[in-house]
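From first to last, the protein sequence lines stand for chains A and B.
Start counting the first sequence at 878; every next residue gets the next number (this note's numbering).
Start counting the second sequence at 3; every next residue gets the next number (this note's numbering).
Simulated from the structure, these hints should not be mistaken for laboratory data.
A quick note: this is a predicted structure, and the numbers were derived from the prediction, not measured.
Among the hints, a few may not be true.
To be verified - When the alpha-carbon atoms are kept at most 25 Å apart in a straight line, the in silico PhoX-like pairs for lysine-lysine are as follows:
1. B:K515 - A:K1187
2. B:K52 - A:K1097
3. A:K1187 - A:K1206
4. B:K154 - B:K52
5. A:K1282 - A:K1061
6. B:K515 - A:K1039
7. A:K1206 - A:K1184
8. B:K117 - A:K1105
9. A:K1105 - B:K241
10. A:K1098 - B:K515
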Amino acid sequence: MSSLTARFIGTFAAAAMGAALAFSPAVAADDTIKVGILHSLSGTMAISETTLKDTMLFLIDEQNKKGGVLGKKLEAVVVDPASDWPLFAEKARQLIEQDKVAAVFGCWTSSSRKSVLPVFEELNSMLFYPVQYEGEESSRNVFYTGAAPNQQAIPAVDYLAKEEGVERWVLAGTDYVYPQTTNKILKAYLNAKGVKDEDIMINYTPFGHSDWQTIVSDIKKFGSAGKKTAVVSTINGDANVPFYKELANQGIKAEDIPVVAFSVGEEELAGLDTKPLVGHLAAWNYFQSVDADANAEFIKEWHAYTKNDKRVTNDPMEATYIGFNMWVKAVEAAGTTDSNAVIDSIVGVSVPNLSGGSATMMPNHHITKPVLIGEVQDDGQFDIVYQTPGLVVGDEWSDYLPGSKDLISDWRKPMSCGNFNVVSGKCGGVTN
Amino acid sequence: MQLIRLLAVFLVLSGVFAPGMEAGAETVDDATLRPLIQALAAENFDETTKAVSGLAKTGDARVSAILNALTAGDLYIVKADKAVFIGKRDGSDYAATDPLTGAKLAPVPRNAAEKIKVNNRLRRDIAAAIGGLTLMSDNPAERRSAAETILKTRDPESIALLDQAIAAEKDSGIKAVMQQAKAAAVLNSTAPDDAKIAAIAEVTAGNSRDALGLLTPLQGSDGPVGDAAHSAIDSINGKLALWNGIQNIVYGLSLGSVLLLAAIGLAITFGVMGVINMAHGEMVMIGAYTTFVVQQIIRASAPGLFDYSLLIALPAAFIVSGAVGVVIERGIIRFLYGRPLETLLATWGISLVLQQAIRSWFGASNVQVGNPSWMAGSFDLGLLTLTWSRLWIIVFALSVFAVLQLVLKKTMLGLRMRAVTQNRRMASAMGIRTPWVDALTFGLGSGIAGIAGVALSQIDNVSPNLGQGYIIDSFVVVVFGGVGNLWGTLVGAMSLGIANKFLEPFAGAVLGKILVLVLIILFIQKRPRGLFALKGRAIEA
């Protein structure tokens, strides 16, 4: 008797038990709506993605307390793609075909997103992708709730040029698709603003690079040409800690050569002594230090849920929060979890963000965001030193790259096209 | 800004000349300063900047302390009445003091106070403002930092003040910085050509990298100044090219010693015992986590010992990793001797288990391992910047190597290890308990990996994946150096490090690494046993 009761409770208490239950064909398939969580819980990306899995479980838990969606409880199905890009596609297929989830929240690296994209298009499901990325993509089945380059990289460069008077730029990144595309866009943007090629230094390093001596001393050399220099860093993941340690040890202060990072948030700083890093910058759409009631509330509930008041919050968590609430709202508007109906109803949906404003899903499946620039403080948090006056709409096809500047995306009928060429007037990408 | 700085300079100067008055110590009454301090609590950075220069303009001796507090982020305002106070965190309150009088105020709850925000530009402006105030200070460190600030700002208005300071300065080191600063300011001014040419000679004699930054803008100008700058730049570039070579070697040795540390334990478990130990990296990781735990305990119970935390962590890491190694050997590997493929798979499995265990225990995020003060910072050797942490790691790697050699060559345990690995049956016949020697050897190799983890925790991030980054490199070093030979591991690690650093500037970090691997493949084709191949029959057994 007691074990039977336990099983029923388990079915309804969707959260942590979702993974285990995924294997038993759901007894209560009609009573719950299943939501897939596709984040690496092991391997190199576990450091960043585990938090997003926890965030999703937290959000689902909160939603169920409010009565679920369409009168049904939500049930999380957690899978572990183990930082292995092909495994992402396999796990995505398993979530959609076997577990019949209504939507999937997941992925971090662009490589994993590119790996699952064909699966979502083939099976016509929905993916909410919560991380800043390089743009140059728009899919009917993917909703990009992280920042596009114009919502992070370009405002950051503008801030440095205006506030700090930077004239010489080091674009340093990890060697993969996001930094390379972002740097390509930034270089085109800087060139358009009159920065000469000799004032731009581009440097790539492998994933997990740990010996930064030569590169940091090169940056120092590059910075001693009599012009104000800054580093724009798209260095990702584990490599950041040794990079900042080397910067601090070689005595490069933020007042001399500031570093603005697009992949370093509260979570990444947790492993660092930030005293020597005070003043280095990061550009995001959310910081834990945002002074807003919605944010204070969110942090309080997050600490209560994790039973740990040291757990930090970060930008991809906010993007997950926005994406989840948009999905809930769209499902309620459509009255069903059917993908086609939800995809049609989600465009134009507007939900509150955590910085006191609201985010709206645009026809290109990107959202509106404020852009914030923060300076690292000695307690591992960011002090917001700049905020865009209004909301910025995510621009999926960069205006600064020759191939993509003529393209737009609009998934509303009748256009329903992710790469409409405004010059040729046809859907289908670049014309040459 | 310029005008205000000029005013500050004059005020300070007048302080210098005023008879019977302490240098730079103008006093202004509190009623004048109070509203100026209040102005720091402005809504935006531009207004705060104005307030800073307003304060600096008074030349009051107390101003630099207030501005320093602002830079350090210790200046707060009470949300209710906008009163400015200096706050130090004390539980859920701020212990507040009055910025002007230093008198203790009632503690302010944290949510009732707001920090006065500072950005990089404001920090620079404050440094410049304080620089003008403290050039004649009694504290040598303050005078030096004031001179260094002017060296950066190159403000022509400070030339007169610098002349005064240089004349009064007794410390030759600070005097040199002041002269550099003056030369920099002259180059930035409208001084006549001969003064500028003298200044060019002055900066060229100093730190060449700073000089390059000063001279490059002048290069384009016509006439004798441009020519002098041009030839000075040429000579500096020549010097820099030489130092670049030296830098590559030193950085190469530093990278090499990191590789050596990571690989030396493997040189025992794989090189001497022949066990393909894929869990070697995790032993390094366990050593790093032991350092973290030791530091946590020290932070909690004896913060005064923090500078010794690494010395305490070394034996702890050796014991923890060594014990894990012995357990792995006794529990799994001893059943698999002579079956390399199974060993490989089993140890790879162990590495995954250990990673996930640490991840479940400590969380997936990085943990923070602090640098003791003697490991932080850097020093200049000629034109080379060497960080203390890297230097200590070179020293540490070489001493670990020396101690290991001693253990293997001079102790009974070492003798037995060598006997067992050379001829197991004969050693057994001589009464050596070979299974225990195996366990101890594996434990020694793992323990060494553990202390490597202590060192690597200082330069790399401590996460469950720490070991994965080093396992491939470790195998490469051991195979390249020659399996079974510790000297080979030393030479292998150092030459790979230096080769990497010479290739990096030309090929970039990514291509450089690929090139090194290609070179190693070619080398192994030619000499399959590595640099220092063991000769004789032992290797065949």
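For each hint, the structure was consulted:
Proposed proximity of K515 of chain B and K1187 of chain A is contradicted: the alpha carbons are some 39 Å apart, above 25 Å. Among the hinted pairs, K52 of chain B with K1097 of chain A is inconsistent with the structure: their alpha-carbon atoms are about 31 Å apart, more than 25 Å. For the given pair, K1187 of chain A sits about 31 Å from K1206 of chain A by alpha-carbon distance, which is inconsistent with the 25 Å threshold. The suggested pairing of K154 of chain B with K52 of chain B holds, with an alpha-carbon distance near 21 Å, which does not exceed 25 Å.
For the hint linking K1282 of chain A to K1061 of chain A, the alpha-carbon distance of about 13 Å falls within 25 Å, and the restraint holds. Between K515 of chain B and K1039 of chain A, the direct Cα distance comes to roughly 38 Å. Violation of the 25 Å bound is thereby established for this hinted pair. A hinted pair counts as satisfied when its Cα atoms are at most 25 Å apart, and K1206 of chain A with K1184 of chain A does not qualify at roughly 28 Å. Note on K117 of chain B and K1105 of chain A: the hinted pairing is violated, with a Cα-Cα distance of about 28 Å set against a maximum of 25 Å.
Distance check on the hinted pair: K1105 of chain A and K241 of chain B sit about 24 Å apart at the alpha-carbon level, within 25 Å; holds. Using a Cα cut-off of 25 Å, the hinted pair K1098 of chain A and K515 of chain B holds, with the two alpha carbons roughly 23 Å apart.
The structure does not agree with the numbered hints 1, 2, 3, 6, 7 and 8 stated previously, though it agrees with the rest.
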